[in-house]
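Undergrad: If you want the building blocks of each chain, they are given just below.
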Amino acid sequence: MTLRIGLMSFTAAAALALAGAAAAEECGTITLGAAISLTGKYATNGYHTQNGYEFAIRKIAEAGGVKVGDKCYNFKVIYYDDESKGDRGATLAERLINQDGVQYMLGPYSSGLTAAIAPVTEKYKIPMVEAEGASRSLFNKGYRYLFAVLSTSEQYLASAVDLAALMAEKSGKSPSDVKVAVAVENDPFSLDVRAGVIEDAEGYGMQIVVDEKLPRDLSDMTAILTKVKLVRPDLLVVSGHSKGAATAVRQIAEQGVSVPMIAMTHCEAADIVGNFGEAAEGILCSTQWAETLKYEDPIFGSAANYNEEFKAAFPEYADRAVPYQAAQASAAVLVYKDAFERAGTVDDREAVRDAIAATDMMTFYGPIKFDETGKNIAKPMVLRQIQNGQYNVVAPPEFASHELIWPRP
Amino acid sequence: MSMRKLALYGALLLLTVAAPFLFPAYQTQLATLWLMIIVALTWDMTGGQMGYNSLGNIFFYGTGMYVGAVITITLYFPLAEYTDASRSETFTFTPEMYFTGMVLGTLGAGLFCALSAYAIGPLFFGLRGPYFAIGTLGLAIAAGEIVSNIDILGGGQGISMPVYGGDFEVFKKIIYYVFAAMGVVLIVFLSWFYQTRFGKAINAIRDDEEKAEAMGIHTLRYKLVTWAISAFFVGMAGSISAFQLIHFEPLETAYQTINLGIFMVVCVLLGGKGTLWGPVIGAILFHVFKEVTWNYLLGWQWVALGALIVVIVVFFQDGLMGWLRHRKPEWFGIRVESREARASA
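Here the protein sequences line up with chains U and X, keeping their order.
Residue numbers are given in full-length UniProt numbering: position 256 of the first sequence equals residue 256, and the series is strictly consecutive.
Residue numbers are given in full-length UniProt numbering: position 95 of the second sequence equals residue 95, and the series is strictly consecutive.
Keep in mind that the hints were calculated from the coordinates and are not lab data.
The structure displayed is predicted, hence computed values, not measured ones.
Quick reminder that beta carbons are idealized off the backbone N, C-alpha and C, glycines included.
Zero decoy hints are in this set.
Here chain X is said to cover these stretches of chain U; the calculated rule only asks that three of the stretch's residues, wherever they fall, bring their Cβ under 8 Å from a Cβ of chain X: (1) 80-94; (2) 112-123; (3) 132-145.
Below are the DSSO-like pairs computed for lysine-lysine, each with C-alpha atoms no more than 27 Å apart in a straight line: (4) K173(X) / K290(X); (5) K227(U) / K179(U); (6) K290(X) / K123(U); (7) K229(U) / K170(U); (8) K375(U) / K125(U); (9) K125(U) / K173(X); (10) K173(X) / K123(U); (11) K71(U) / K125(U); (12) K369(U) / K67(U).
All chains, full assembly: derive it from the sequences and hints.
TA: Laid out in structure tokens, this is it:
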């Protein structure tokens with residue numbers, strides 16, 4: 001696994017070097033640092049994240065690099081493997097800053113790792129633009145140097161609760177009759193997803209009939225599903241990153257759990273369509289980004305264009321949906337490019353931080369504008385349903401391209 | 001103590017004090033090195049000197065983290081509000097609040113862990129050999145799972161400690177010197193402790209517990225006190241780690257059974273069980289080995305670590321100190337008559 005990732009990132013880096021060498025001979029280099037999960041339970045998403053960073057770096061180099069004054073720069077990233085462990089991530093962040101002299105950081109994968117690294121970057125006053133830490137708990141610590149391009153996690157499955165209420169009304173019931181089952185990983189991200197769902201469900205007066213935590217290695221949830229079968233909820237919510245999604249889809253099919261509406265996170269990252277086919281039909285998936293959305297920017301073109309070129313650059317994604325983890329990682333690099341150009345300097349870290357804070361831009365990934373806590377408040381989440389093996393946007397209404405299929409087949 | 005020994009200890013102490021200035025970029029790694037030395041030495045108190053191989057000493061590390069954090073926070077703010085993930089309020093600590101919390105929290109963590117070792121000890125010291133090892137391991141794993149489900153302690157989110165408001169370089173030196181001071185005190189204490197009657201008694205327990213009992217040693221009391229002392233130091237180290245790491249969560253950081261929980265045993269095996277300096281040397285070698293492989297053999301680091309453990313277990317069963325003692329007994333004050341001398345006599 002690790003070896004494969006190593007080889008792939010090596011090929012990606014080599015391709016980048018070749019592409020960049022001709023165009024950017026006279027360009028300088030801006031070194032970014034990132035500790036990401038190349039092994040451990042978040043390895044899949046760490047890999048998507050790294051690919052997203054590398055793809056953006058390549059595209060920016062092809063477009064002439066980062067133009068600061070009359071000079072141009074290309075990005076380079078120093079990576080370390082945090083093994084999906086917080087204390088390791090914090091140590092590596094220190095190493096990047098202290099020993100490798102990194103002045104600007106990209107985020108790791110997951111809210112937990114971001115929570116571990118953010119205090120370090122904060123102490124050194126090193127800006128960190130992150131794309132994979134969505135928990136609200138990151139944005140109430142008063143951090144000045146942390147910026148997140150993605151929507152926060154309580155919004156992930158809010159649309160699913162709205163849909164469940166809507167469906168209840170359509171079938172002549174009241175939203176307060178809806179029974180909700182929640183099974184989440186015990187980590188900052190999933191707990192925040194759960195908090196959002198429970199808050200919204202209680203707003204409708206729904207009943208929470210199951211509220212369980214997935215076991216720590218995320219490899220077995222049969223006990224929870226047995227309970228779900230008994231209480232027959234109208235909505236089942238699962239959140240546990242890629243591994244949790246894969247376990248849930250597999251075991252829901254194995255145990256023949258039939259729930260009219262199932263909503264989860266990380267469907268694309270776990271490639272549940274490719275891995276489980278039929279079993280994934282009808283599942284609702286929250287996504288930060290979809291290639292069908294009408295966003296665009298000068299570097300990547302439209303969202304659809306990003307999707308196509310990313311697949312061309314990394315052929316292993318050819319037969320599957322490009323995970324939004326990769327797209328938002330690319331968007332984070334784009335934020336840096338924009339900020340460096342507006343700041344007009346690569347050395348004055350405070351000026352660059354202020355430029356990042358003032359970001360207000362449209363990208364292929366969606367609009368990006370930070371509030372004073374550093375989170376992106378401009379971009380909404382969308383909810384897609386797997387219909388005939390395709391991810392189709394079904395909510396919120398202003399983005400929906402397809403009707404919801406309900407109940408789930 | 002001979003002049004040579006005195007000079008050697010003086011030089012070591014000087015190096016300890018000067019290290020963060022000599023290697024400013026490595027201050028955090030050096031602080032972690034002292035943490036490794038502390039946990040290795042305390043593990044050896046029961047594992048090497050008393051013959052009780054605990055796999056659960058990480059329990060005191062994790063508990064120390066939580067106790068230190070809880071004391072620091074509750075001194076000034078309501079804990080439930082502080083650990084609420086969706087809070088919008090920001091809590092700030094002045095340097096005075098920060099240091100008061102650090103001192104009281106760390107002492108509290110040490111005391112709490114010592115008391116809990118004394119309280120739960122009778123349950124575990126009825127177990128011998130592998131049963132004791134697995135029993136204590138179960139304690140650490142269970143504690144992690146329980147804490148990860150207590151919402152007021154942040155649950156699976158963990159706790160983010162207050163961030164030190166002042167200069168960060170100063171902060172790193174403080175953490176280093178606190179760990180180093182704790183380590184030096186522990187070494188001095190143990191070098192005295194192992195010479196006392198008490199020290200000899202726990203050695204007797206290791207060598208033959210029944211005989212020790214028959215000689216009138218109240219073995220349970222000795223075992224409890226030894227474990228409690230060891231827990232006291234580990235708990236304090238855990239609390240300082242919480243301040244150092246700032247953010248920690250229960251399963252991977254606090255009760256990290258498969259990392260630090262095992263590393264402390266590997267350090268002792270590498271350096272030599274049942275010796276004073278073995279765990280120290282083992283911790284240094286292990287830490288250096290780990291940092292090097294984790295940097296330059298990325299992807300293979302765990303394979304390298306596994307290979308190291310195999311090599312130790314197969315070729316250096318007594319650790320480096322044991323191997324040295326065998327090769328150079330005179331360095332340890334052991335007089336061996338040479339064959340020639342015996343033959344001529």
